[in-house]
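Chain residues, written in single-letter form:
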Amino acid sequence: MDNPLITAALVVLTLLSLAASGLALRRLFARSSGRIATRAEQLLITACSLGLLAVFLYRKIQMGPGWQPLEAHVDGLVLIGLLFGVVILFLQQRPRLGGLDAFGLPLLTVILAWSVCASAWTYRAFDLNTLHPVWMAVHLAGVYMGTLSSAVAAIAGGTFLYVQHRLRSKQNIADTGRLANLESLESLIIRTATIGFALLTLGLLAGLVIQTGGGAASRLGPGWWHSPKVLLAVLAWAVYAVVMNVRFGSAFRGARAAWLSIFGLVLLLATYGVVTALPNARDDARPTRAPSSETPR
Amino acid sequence: MKIIMLGVNHRTAPVGLREQLTITGERMAAALTRLRAAHPASELVILSTCNRTEVYLARPAHEPPTAEQLTDFLSGYCGADRAALAASVILRENEQAVAHLFRVCAGLDSMVLGESQIVGQVKRAYEQAQNSETVGPVLHKVFQQAIAVSKEARSKTGIDTGRVSVGSVAVDFAQRIFERFDDKTVVGIGAGDMAKLTLRHLASLRPAKLWVTNRTPQRAQSLIERLKLPATSAGVRPFEALDELLVEADIVLTSTGSQKPIITAERFKPLLRKRRFRPLFIIDIAVPRDVDPRVGGLNNVYLYNIDDLQGVVAANVNQRSEQVRECEAILFEEVRSCYAEVQNRDVGRLIKALRQRLHDLGRLEHERTARKMSAAAPDEMPAILEEHTNRLINKILHLPLSQLDQSSPEAPLGFYAAALRRLFDLKEESRPGPPVDGEKVAPPVEPDTPPAPTTGTAATPERSRS
Numbered sequence: 001m002d003n004p005l006i007t008a009a010l011v012v013l014t015l016l017s018l019a020a021s022g023l024a025l026r027r028l029f030a031r032s033s034g035r036i037a038t039r040a041e042q043l044l045i046t047a048c049s050l051g052l053l054a055v056f057l058y059r060k061i062q063m064g065p066g067w068q069p070l071e072a073h074v075d076g077l078v079l080i081g082l083l084f085g086v087v088i089l090f091l092q093q094r095p096r097l098g099g100l101d102a103f104g105l106p107l108l109t110v111i112l113a114w115s116v117c118a119s120a121w122t123y124r125a126f127d128l129n130t131l132h133p134v135w136m137a138v139h140l141a142g143v144y145m146g147t148l149s150s151a152v153a154a155i156a157g158g159t160f161l162y163v164q165h166r167l168r169s170k171q172n173i174a175d176t177g178r179l180a181n182l183e184s185l186e187s188l189i190i191r192t193a194t195i196g197f198a199l200l201t202l203g204l205l206a207g208l209v210i211q212t213g214g215g216a217a218s219r220l221g222p223g224w225w226h227s228p229k230v231l232l233a234v235l236a237w238a239v240y241a242v243v244m245n246v247r248f249g250s251a252f253r254g255a256r257a258a259w260l261s262i263f264g265l266v267l268l269l270a271t272y273g274v275v276t277a278l279p280n281a282r283d284d285a286r287p288t289r290a291p292s293s294e295t296p297r
Numbered sequence: 001m002k003i004i005m006l007g008v009n010h011r012t013a014p015v016g017l018r019e020q021l022t023i024t025g026e027r028m029a030a031a032l033t034r035l036r037a038a039h040p041a042s043e044l045v046i047l048s049t050c051n052r053t054e055v056y057l058a059r060p061a062h063e064p065p066t067a068e069q070l071t072d073f074l075s076g077y078c079g080a081d082r083a084a085l086a087a088s089v090i091l092r093e094n095e096q097a098v099a100h101l102f103r104v105c106a107g108l109d110s111m112v113l114g115e116s117q118i119v120g121q122v123k124r125a126y127e128q129a130q131n132s133e134t135v136g137p138v139l140h141k142v143f144q145q146a147i148a149v150s151k152e153a154r155s156k157t158g159i160d161t162g163r164v165s166v167g168s169v170a171v172d173f174a175q176r177i178f179e180r181f182d183d184k185t186v187v188g189i190g191a192g193d194m195a196k197l198t199l200r201h202l203a204s205l206r207p208a209k210l211w212v213t214n215r216t217p218q219r220a221q222s223l224i225e226r227l228k229l230p231a232t233s234a235g236v237r238p239f240e241a242l243d244e245l246l247v248e249a250d251i252v253l254t255s256t257g258s259q260k261p262i263i264t265a266e267r268f269k270p271l272l273r274k275r276r277f278r279p280l281f282i283i284d285i286a287v288p289r290d291v292d293p294r295v296g297g298l299n300n301v302y303l304y305n306i307d308d309l310q311g312v313v314a315a316n317v318n319q320r321s322e323q324v325r326e327c328e329a330i331l332f333e334e335v336r337s338c339y340a341e342v343q344n345r346d347v348g349r350l351i352k353a354l355r356q357r358l359h360d361l362g363r364l365e366h367e368r369t370a371r372k373m374s375a376a377a378p379d380e381m382p383a384i385l386e387e388h389t390n391r392l393i394n395k396i397l398h399l400p401l402s403q404l405d406q407s408s409p410e411a412p413l414g415f416y417a418a419a420l421r422r423l424f425d426l427k428e429e430s431r432p433g434p435p436v437d438g439e440k441v442a443p444p445v446e447p448d449t450p451p452a453p454t455t456g457t458a459a460t461p462e463r464s465r466s
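Chains as they are written, first to last, in our numbering: chain R, 1 to 297; chain L, 1 to 466.
The set of hints was computed from the structure by calculation and includes no laboratory data.
All the given hints hold, so there is nothing to weed out.
With beta-carbon atoms standing in for the labels, derived distance ranges:
#1 L231(R) - L227(L): 52 to 62 Å
#2 D81(L) - Q171(R): 27 to 37 Å
#3 S187(R) - P217(L): 31 to 41 Å
Beta carbons are placed, not taken as given, at the ideal position from N, Cα and C, and that holds for glycine.
This is chain R alone, in the form it adopts within the complex (with noise of 0.2 Å):
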């Protein structure tokens, strides 16, 4: 990317959420209520979210009236972060959803990672004015929504584990403060894996409707359907068909959806990892500018 200081400031943001990690995970296996690594954890969250809306804001500022949001790949990453540090600033406040934190803060951490590799190395700006810009907008939105509650959804996947790990070694859980029980955390895994759902569902009829609308042929070529990035897009899809439909009676219930919503998590990122490292696998993005023509943005 052509500004360092937003590489720098990522950097920052990413040391930031990676010392609230390591609050809330001593939290979680010490076992220790510790009102003020609690206090500690949240200023980090709330600073690591307003560094990434200044971040965010920074882009804009920069870029002029011309910028679009999500305009690259690293917009979309700042985006998730900024979001998923709210949303675990939101979930520490709920009583019966205690630990979830020492979850998502580890993934917000990688997702900061991601992003300042993002930024500083795999720069790509997305192609949007060759684009339909309603639908292109439509994708980007439901894809990255679609993530960020997958996220949620494989944060609550890890929790449960977790709680049923420690309930099936029958060990003490008076010590486990406020550690959610598992009926709310099969219940959040399905609500987020439903939302999600929904969101990709809209993302993945975007991306068909770019692929094939108006008579253009592929971006991706003939074999489009086939390609990694949509194989694995409609796979994730599918897991959390699966998943929002566990508690129809089905045997997926319990460990088997938590497991299912961390897969699903796991093919979402793989298919941005295959869309960051094969650029012939991505429809919407032009090729990484030389230096010298980016500076502008």
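Fit chain L to the known structure of chain R by using the hints.
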């Protein structure tokens, strides 16, 4: 009197062994009777709960049964493996045995620290022993004081507040599994006291339905009435409908007296699909266990038996160490006082019996001597009096001195020697050292032997001084 406690508990023996050693109902009376018949001088109480089987015994110091004999009895009576029992058994003697009972009664040795159910169980064990007439003055005192002190310790330290029962710990677990209970069904299988206490805790969660089933429906109905739950949310279901209940249930509490598991994996697996794989929390507080452990490995089933709860309690013990210390301090003083009183009473009874025996001896000799004197000439009087004195001394000393020949590891010769020196204030003017092999220190004196010379024979007190 020597006080002995021998047994196993949840800390020393696995649930399988404890199941074998459980003695309840008629078997308890039979066990007490059989042990008493074998050792008539002993006082006995057997405390048998799901967490422990302990024999409390008070007997004269040097009489059977020994710890090995008690272990043999438990092993034989309950059909438990002797080696496994010997490896798990704990033995406490005298003041330590008293201290153990006090700790048990105060709930300090319980699986759930400070739980009060154990007091009722101790009371019942004591009453059963009274009914079998195996309790004497020593165990009367010890058990009565243990029960009284446990109440005092609880009220002073608050050790019974918070999670101090199986029920409240079960509620903790339930709240980690379920978010709400107004749409849940609780099923109680069994209608005993433990079931009642635990169901009372579970009922405090206000479940949508609470069913109780039991082989004897009347007992289940009685339990429901004692729980004082509205008829709309609680009721009795026939034991034959157990499968149906297992499909409906979200929380199952089992506490039956069944000798074999009533919920096996084979029985429960087909029900999983009918349950639509809903989570099921099973609390199995029965010993022997009612639920096959393999059921706990099934998807969305959370099974806790009585031993599982022990791990939870161990952590609670740490958190409540301050209360434990206070409680221990109270018990320490009370145990010392109780044991001292028991010993004092025992010595009092001994002195009374000793006096009685000596008076009996004296009376017999007095009558004999009086008869002789009535027919004797005046010049024979000194000889008759000397004979009277010697015979009396010999008769008094015969039994104690004969015991010196029967020293045992429990009461070695040195013990008697020290006791004699102390009791008769014998000076150390001529201590010969320990007896050599084959030397008899004090051969017994036959009570009816002719009067011995005042010096120079083995039977005289002077000889015994050396």
